[in-house]
Amino acid sequence: MNKLNAELRETQGQITHSIQESQNCQQKKLEAEEEIKRLELLISDLNTKKVTLERSIASLKTEQDDHHLKAEELKAHFDEKRSEQKHLEQQLQELKLKENEYQIRLSSLEERVREEYQLDLSNLDGTTDEIKLELTTSQKESADPAKPQIDFWEAVSREIEELQGKIGRLGNVNLEAIKEQDELEIRETFLVNQKEDLEKSQNALQNLITKINHTSRELFEKVFNDIRQNFQIMFRKLFGGGKGDILLEENVDILEAGIEIMAQPPSKELRSITLLSGGEKVMTTVALLFAVFQSKPSPFCILDEADAALDESNINRFTHILKEFTRDTQFLVITHNKVTMSVADVMYGITMQEPGVSMKVAVKFEEIERKVA
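Its first residue numbered 1, the sequence shown is counted upward by one per residue in my numbering.
Hint data in this document are derived by calculation from the structure and do not stem from the laboratory.
Some hints here could point you the wrong way.
Ranges of calculated distance between the beta carbons of each label pair, as one might list FRET restraints [stated by the list, open to error]:
#: 1; residue 1: D328; residue 2: K281; range: 23 to 33 Å
#: 2; residue 1: K179; residue 2: R217; range: 50 to 60 Å
#: 3; residue 1: N203; residue 2: H320; range: 50 to 60 Å
#: 4; residue 1: Q202; residue 2: Y348; range: 51 to 61 Å
#: 5; residue 1: Q194; residue 2: S272; range: 50 to 60 Å
#: 6; residue 1: Y348; residue 2: N47; range: 28 to 38 Å
As the structure is a prediction and not an experimental result, all values here were calculated from the model.
We put the beta carbon where it would ideally sit given N, CA and C, even for glycine.
Using the sequences and the accompanying hints, generate a full structural model.
Rendered as structure tokens:
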């Protein structure tokens, strides 16, 4: 009897201890539930802020793309105008040379005409006086009245021949030279005005290109820093630790700089992505992809056997992150891994029950869960 009483008391003590432990567990459960609610509210608030930031980044990225496109169009227009300017300058130079040539020829012709005709008139006047004097003298000395007349006409004929020879040696006079000069001056004025307009357009385009490049650099730097920060966090999540980073090429324009991906999986040295194993390369690439999605979500994404080189632990982290991103992005995953299939909402399979005939099999896990429940 005493033994039974002792066992009863021991049993009651164990029951009391179990009740106390149960109460303690219940208290811890309540505290944990409150902590979970608090964290869920915090996560909801952070997700709201994240969506707002992602929309802002998407808007800025769209604006950046528009600026890039406009800059390319303006640069093409600028190159076209610059080529046209060079062509007009060449034409202007040729016209100036022609104008100078015509001016020299015109001045030379004017000088020759002026000198030759003045000389001819003075010689003609002198010859006429000589002929008259000779005629008078001959009339006094000779009794034959026809002889002075013959000498006079011979002298006049010789003088006419000399004058015709001098006129012939002058050559053809270009009577259109003055008109051509006026046309060339008008053309020169037009080309000078065109050149000034092209220079103004060139300066305006250069200023606009400079402004667009400045805006593009600011937007690129902001988006790059966001993706870099997201990549560092996402790398640690996927690898369960370690360190990952993306770096811009130094001493190069930020819009033309190359990007290097550095990765340091847990318990390994920091190295370039080219030195990693196949699975590590896949996880690093996935981390970068999801880092970009955090900055600018994509409505749709296809992953073709991205999990083929992953081991079991990496598969679990990969599918966990993949499930998180399904809130904003629809994923089409081609896989042979059962763990990856288990997190899908709908699974499509292709089978060949008969030779040469493929069949599609679709399974919606949500419907199966409802039927099982």
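Results of checking the hints against the structure:
1. At about 25 Å, the beta-carbon gap between D328 and K281 stays in the expected band of 23 to 33 Å.
2. Between K179 and R217 the beta carbons are some 57 Å apart, a value that agrees with the proposed interval 50 to 60 Å.
3. With their beta carbons about 57 Å apart, N203 and H320 fall inside the hinted range of 50 to 60 Å.
4. At roughly 58 Å, the beta carbons of Q202 and Y348 sit within the given window of 51 to 61 Å.
5. In this structure, Q194 and S272 meet the distance hint of 50 to 60 Å, their C-beta atoms being roughly 55 Å apart.
6. For Y348 and N47, the Cβ-Cβ distance of about 30 Å falls inside the hinted range of 28 to 38 Å, so the restraint holds.
Comparing the model with each numbered hint stated earlier shows that all of them hold.
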